[in-house]
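Model the full assembly from the supplied sequences, consistent with the hints where possible.
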Amino acid sequence: MSHSGSPVRDQTLTKASTRQPVNRNEVLLEVKDLSVIFQQRHGRATRAVDKVSFSVKPGEVVGIVGESGSGKSVTSMAVMGLLPSRATQIAGEANYRGRNLLTLGAKEMSDLRGREIAMVFQDPMSSLNPVIPIGLQVTEVLTRHNDISRADARGEAEDLLRRCGIPDPGRRLREYPHQLSGGMRQRALIAIALACKPALLICDEPTTALDVTIQAQVLELLKELVNDLGTAMVMITHDLGVVAGLCDFVNVMYAGRIVESAPRRELFAHPRHRYTEGLLQSIPRLDAPRGEPLTPIPGTPRDVIAWSKACAFAPRCRHAADDCVVGDLNLMPMGRGGHQVRCVHPADAPDPPQEIRR
Amino acid sequence: MTAEAVRPQALSELMTDTLSDEHGTSLWQGAMQRLRRNPGAIIGLVIVAAFVLLAVLAPVLAPYEPATSEWISEVTPSDVPGRSPEHALGLDPFGSDLLTQLIYGARQSLIIGVVSTAFGLLGGALLGLLAGAFGGWVDTLVMRIVDILLSIPALLLAVSVAAVMGQNPLAIMIAIAAAQVPIFARLLRGSMLGQRRRDYVLASSSLGLRRRTIVMSHVLPNSLGPVIVQATLTLATAIIEVAALSYLGLGAADPAVAEWGRMLVKAQDRLQSDPHLTVLPGICIAVTALGFTLFGEALREALDPKSRR
Amino acid sequence: MLRFIVRRLLLMVPVFFGLSVLLFVWVRALPGDPARSLLGEKATPELVARLNAAYGFDKPLLEQYVTYTGKLLQGDFGTSPRTGQPVLGTFLDRFPATVELSIAALLFAIALGIPLGYAAAKRSGGVFDFLAVGGSLLGVVVPVFVLAYLLKIVFAVGLPGQLGALAFLPASGRQDPRIDATHITNFYVLDGLITREFDASWDAVLHLILPAIALGSIPLAIIVRMTRASVLEVLNEDYVRTANAKGLAASLITRRHVLRNAMLPVLTTIGLQTGALLAGAVLTESVFAFNGIGSYLFDAISSLDFVVLQGFILFIAVVYALVNLVVDIGYGVVDPRLRTQ
Chain P
0 MSHSGSPVRD QTLTKASTRQ PVNRNEVLLE VKDLSVIFQQ RHGRATRAVD KVSFSVKPGE
60 VVGIVGESGS GKSVTSMAVM GLLPSRATQI AGEANYRGRN LLTLGAKEMS DLRGREIAMV
120 FQDPMSSLNP VIPIGLQVTE VLTRHNDISR ADARGEAEDL LRRCGIPDPG RRLREYPHQL
180 SGGMRQRALI AIALACKPAL LICDEPTTAL DVTIQAQVLE LLKELVNDLG TAMVMITHDL
240 GVVAGLCDFV NVMYAGRIVE SAPRRELFAH PRHRYTEGLL QSIPRLDAPR GEPLTPIPGT
300 PRDVIAWSKA CAFAPRCRHA ADDCVVGDLN LMPMGRGGHQ VRCVHPADAP DPPQEIRR
Chain G
0 MTAEAVRPQA LSELMTDTLS DEHGTSLWQG AMQRLRRNPG AIIGLVIVAA FVLLAVLAPV
60 LAPYEPATSE WISEVTPSDV PGRSPEHALG LDPFGSDLLT QLIYGARQSL IIGVVSTAFG
120 LLGGALLGLL AGAFGGWVDT LVMRIVDILL SIPALLLAVS VAAVMGQNPL AIMIAIAAAQ
180 VPIFARLLRG SMLGQRRRDY VLASSSLGLR RRTIVMSHVL PNSLGPVIVQ ATLTLATAII
240 EVAALSYLGL GAADPAVAEW GRMLVKAQDR LQSDPHLTVL PGICIAVTAL GFTLFGEALR
300 EALDPKSRR
Chain Y
0 MLRFIVRRLL LMVPVFFGLS VLLFVWVRAL PGDPARSLLG EKATPELVAR LNAAYGFDKP
60 LLEQYVTYTG KLLQGDFGTS PRTGQPVLGT FLDRFPATVE LSIAALLFAI ALGIPLGYAA
120 AKRSGGVFDF LAVGGSLLGV VVPVFVLAYL LKIVFAVGLP GQLGALAFLP ASGRQDPRID
180 ATHITNFYVL DGLITREFDA SWDAVLHLIL PAIALGSIPL AIIVRMTRAS VLEVLNEDYV
240 RTANAKGLAA SLITRRHVLR NAMLPVLTTI GLQTGALLAG AVLTESVFAF NGIGSYLFDA
300 ISSLDFVVLQ GFILFIAVVY ALVNLVVDIG YGVVDPRLRT Q
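Chains as they are written, first to last, in numbering that gives the first Met the number 0: chain P, 0 to 357; chain G, 0 to 308; chain Y, 0 to 340.
Don't take every hint at face value.
Said to hold, decoys possible - Not close to chain Y: a few residues of chain P, all C-beta gaps over 10 Å, as computed: (1) GLN39; (2) ALA44; (3) GLY68; (4) MET79; (5) LEU81; (6) ASN94; (7) ASP110; (8) LEU111; (9) ARG114; (10) PRO129; (11) VAL140; (12) THR207; (13) LEU220; (14) ARG264; (15) SER307.
Claimed, not checked - Residues from chain P shown here face chain G by an in silico Cβ test under 7 Å; the list is partial: (16) ILE213; (17) ALA215; (18) LYS308; (19) ALA309; (20) ALA320; (21) ASP321; (22) VAL325; (23) GLY326.
Stated by the list, open to error - Label-pair distances were calculated between CB atoms; the ranges are: (24) P/ARG173 <-> G/VAL286: 51 to 57 Å; (25) Y/TYR330 <-> G/ARG35: 37 to 43 Å; (26) P/GLN39 <-> Y/LEU137: 29 to 35 Å; (27) G/VAL286 <-> P/GLN88: 53 to 59 Å; (28) G/GLY193 <-> P/ASP327: 46 to 52 Å; (29) Y/ALA288 <-> G/GLU69: 34 to 40 Å; (30) G/VAL286 <-> P/GLN39: 32 to 38 Å; (31) G/GLY193 <-> P/PRO83: 28 to 34 Å.
Derived from the structure by calculation, the hints contain no laboratory data.
Note that CB positions come from ideal geometry on N, CA and C, so glycine has one too.
What follows is the structure, encoded as structure tokens:
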């Protein structure tokens with residue numbers, strides 16, 4: 000899946016000297032046909048992720064948008080190798096700088112994690128160990144991946160916390176998670192993730208659990224940091240607003256598959272998949288006339304059918320027709336900049352086919 | 000405008016297919032499903048069922064009458080007759096048929112277990128519900144009493160009560176129940192307090208339902224699960240505690256009575272010559288208690304909505 | 000922290016008050032007249048008269064209670080008619096033995112229980128898990144004194160035939176009388192170390208092994224289950240996921256992130272085991288003729304010596320409450336969330 004036209008970012012590549020320099024045009028992460036199947040009790044299997052493919056270039060910010068249950072979090076967990084090994088089947092490839100992460104051994108994977116690829120999770124309170132001080136939670140990443148003394152690590156930890164906007168970082172090092180506010184905890188987690196200056200940062204809904212006012216601050220911080228460090232980022236979210244302000248390229252997921260992918264401007268200007276269209280339309284607008292009703296997407300994520308039988312979004316789609324009931328729809332190029340859509344009756348299609356009603 | 004109005008036929012058919020696969024399960028239904036798959040629960044249930052059957056059908060299953068000491072003449076200080084055609088397991092140290100004693104022992108254990116658990120449950124429930132329903136000084140008073148009862152290890156509490164009440168079966172049952180009362184009291188009080196703050200209780204009371212109705216029809220059914228779990232575990236403890244009380248010399252005065260704990264203790268001086276006299280009742284106690292404990296623990300796990308099985 | 004301790008100590012007061020009232024009522028509830036009950040078989044008219052004078056059983060109840068409480072506060076828990084010794088004195092004399100035994104039992108239960116529980120949690124749902132939990136359950140359902148007897152027969156007295164070779168441990172007592180050991184603190188193992196009589200120390204340890212295993216069987220079961228449940232819960236926590244995402248070494252994650260959090264509820268459980276240990280001691284010590292308060296109580300119960308029983312219950316209640324207080328303080332020290340509040 001190639002995409003030209005992504006804006007070239009001004010990158011200050013500050014990498015650890017032991018790491019290979021990054022080739023700007025080489026793909027950093029390439030996910031090919033990734034599938035994750037969970038075996039549940041008494042034989043039932045759930046396809047959480049169904050042949051998902053996307054790629055990330057160095058310094059690029061790629062968004063993955065979807066509702067809960069769309070498989071977006073599971074995708075990132077699979078790439079990081081953090082899914083439980085029991086009752087889980089993973090297929091496909093996740094090539095980081097040419098190495099397939101899915102086939103790496105445990106030791107090699109743990110060497111990569113934190114150092115080259117890092118992750119920031121959703122709930123800052125539960126993501127921090129409540130019984131050890133913040134400082135230790137930062138320094139342990141530094142001492143694991145770098146040949147650095149504890150004293151030096153502490154100094155660097157303090158710098159990191161300060162860089163992430165935490166006031167009085169020296170004192171914070173000795174404090175415990177419960178003594179910090181939600182926003183500060185998330186900043187600490189970001190500091191931890193970026194401590195070893197990874198090439199790729201995966202953020203799984205990093206602002207969802209925060210107050211609205213703090214959300215903006217944290218997103219600004221992320222933007223600034225990835226700019227300064229030249230880190231590539233995968234931003235997983237359900238919020239198109241987050242995507243609009245941050246991402247270079249966007250993938251929209253539904254029921255385990257990518258249903259639309261395009262560069263940011265293209266996606267917002269010409270959304271084609273009915274789901275994306277629905278998402279955009281459902282955002283309440285400040286400038287809409289008073290009293291105008293909102294337009295949600297009808298139904299719930301549970302009104303779904305298997306991709307093998309039809310378009311999974313069809314039960315909730317206002318434009319569903321008989322020819323949507325066809326198994327294994329493919330992604331079709333449709334638009335500029337590598338825009339692809341998995342839809343039989345997309346919006347703004349050059350030749351809208353006859354829509355057959357019942 | 001909804002999507003249903005213009006949905007194509009083929010799509011509607013597919014959707015109904017998917018929907019029919021789903022079914023909601025209540026807490027108890029879910030628990031039943033989980034129990035069925037739990038090997039511990041099944042083993043426990045089998046043991047419990049066997050035990051209950053043995054106890055209930057004792058007169059039918061046992062070859063002789065219990066505690067008759069009919070064959071006492073055959074017993075010598077150094078030897079107790081073993082297996083023979085008339086006595087499948089031989090005799091006990093007091094001249095009764097061992098198999099009969101064991102079978103009737105199940106009956107004794109069941110009665111003592113059930114009655115003492117029932118007493119403990121009733122007493123505890125009364126205290127706990129009072130404390131939980133009324134709160135305030137009632138709650139504090141009741142909880143102080145519970146604290147006092149809990150400040151003594153259960154066995155000693157049972158011993159104290161048994162000492163006062165003398166050596167009869169009822170005394171044993173009340174003694175064991177006494178130690179269980181504070182546990183049930185805490186359980187029910189905690190349950191009540193937890194439920195009181197729930198939204199549905201607030202909703203009910205804002206609708207004007209009387210406190211008693213709320214307790215009876217809303218709070219109690221939700222407390223049922225933990226209470227049943229505790230009751231099964233208490234039964235297991237009761238069976239063991241009876242043995243301990245017998246060991247300490249409390250309990251029924253007649254040494255020949257068919258009760259596992261008593262049989263076990265009275266045979267201890269013959270441990271080297273006829274170990275089966277101690278081992279067999281010991282196994283009965285252990286296996287029965289194990290059965291109840293396995294089932295109780297499995298039930299607890301099955302009812303826990305946070306269980307990630 | 001100091002406020003917390005003081006508050007807890009103050010809370011203990013009404014409980015003891017209530018307990019003393021309860022015991023007071025209890026002795027008078029015993030069948031027959033109180034003096035006779037307390038004296039048991041030894042009741043002669045003059046002893047009864049003396050007891051009546053001492054306890055004032057013929058005086059009004061309130062006065063009796065005041066005398067009784069007064070004596071308690073002075074440390075006079077009464078004199079056992081059986082042994083003729085003051086009750087409190089005998090307790091304090093024999094307490095170290097039971098403490099030594101309890102510590103040994105707890106050490107056994109912890110050393111075996113925590114690793115087993117952890118291993119069971121990591122292999123949750125498998126055969127090992129089932130066996131570990133089921134096996135530890137046996138510790139609960141086999142009555143302690145039965146286990147004690149079995150251990151004694153197999154490992155001390157000796158089974159007939161070849162299995163008799165397993166019997167290498169002492170069958171009874173705390174120390175071999177042939178070793179002329181000096182006792183300072185009454186903690187025999189400690190005494191041996193202090194006086195540098197290492198053979199005495201070792202001998203004391205050997206005498207502790209079997210009773211400790213028997214006594215520790217119940218805490219073992221509970222610790223295994225508690226550890227397993229706690230570790231399972233912690234393994235599912237988000238911060239363990241974060242630790243994995245950091246690429247930390249597995250052993251570090253286990254130590255710093257999993258165990259440090261999982262051990263908190265287990266610690267409380269261990270503290271709560273004291274009551275069970277004391278009850279178990281009553282049933283175990285007598286089998287091994289171990290001269291702790293357990294066997295003292297056993298004799299008292301068997302001969303219905305109510306003076307001792309009454310004193311014992313109060314004594315135990317105090318010990319139990321103090322141990323719980325220590326556990327709570329310990330918990331507050333270990334869990335930083337409680338420290339800063």
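Here is what the structure says about each hint:
1. GLN39: 14 Å, holds
2. ALA44: 18 Å, holds
3. GLY68: Consistent with the label, P/GLY68 stays out of reach of chain Y, its closest Cβ about 19 Å off (over 10 Å).
4. MET79: 6 Å, violated
5. LEU81: 6 Å, violated
6. ASN94: 19 Å, holds
7. ASP110: 6 Å, violated
8. LEU111: 7 Å, violated
9. ARG114: 6 Å, violated
10. PRO129: 6 Å, violated
11. VAL140: Answer for P/VAL140: violated, closest chain Y Cβ roughly 5 Å.
12. THR207: 14 Å, holds
13. LEU220: Holds: least Cβ distance 18 Å, greater than 10 Å.
14. ARG264: It holds; P/ARG264 is separated from chain Y by about 32 Å at its closest Cβ, greater than 10 Å.
15. SER307: At roughly 31 Å from the nearest Cβ of chain Y, P/SER307 sits farther out than 10 Å, so the non-interface label holds.
16. ILE213: 28 Å, violated
17. ALA215: 33 Å, violated
18. LYS308: Holds, because the Cβ-Cβ distance from P/LYS308 to chain G comes to roughly 6 Å (cut-off 7 Å).
19. ALA309: Given a least distance of 6 Å, the restraint on P/ALA309 holds.
20. ALA320: Holds, because the Cβ-Cβ distance from P/ALA320 to chain G comes to roughly 6 Å (cut-off 7 Å).
21. ASP321: Holds: closest Cβ of chain G sits about 5 Å from P/ASP321, inside 7 Å.
22. VAL325: Constraint on P/VAL325 not satisfied, violated at 10 Å.
23. GLY326: 11 Å, violated
24. P/ARG173 <-> G/VAL286: 51 to 57 Å: Check passed, 55 Å falls within 51 to 57 Å.
25. Y/TYR330 <-> G/ARG35: 37 to 43 Å: 39 Å, holds
26. P/GLN39 <-> Y/LEU137: 29 to 35 Å: 33 Å, holds
27. G/VAL286 <-> P/GLN88: 53 to 59 Å: 41 Å Cβ-Cβ, so the 53 to 59 Å window is violated.
28. G/GLY193 <-> P/ASP327: 46 to 52 Å: 50 Å, holds
29. Y/ALA288 <-> G/GLU69: 34 to 40 Å: 37 Å, holds
30. G/VAL286 <-> P/GLN39: 32 to 38 Å: Given a distance of about 35 Å, which is inside 32 to 38 Å, the answer is holds.
31. G/GLY193 <-> P/PRO83: 28 to 34 Å: Roughly 31 Å apart at Cβ, these two residues keep to the hinted range, so it holds.
In the structure shown, a violation is registered for the earlier hints numbered 4, 5, 7, 8, 9, 10, 11, 16, 17, 22, 23, 27, in ascending order.
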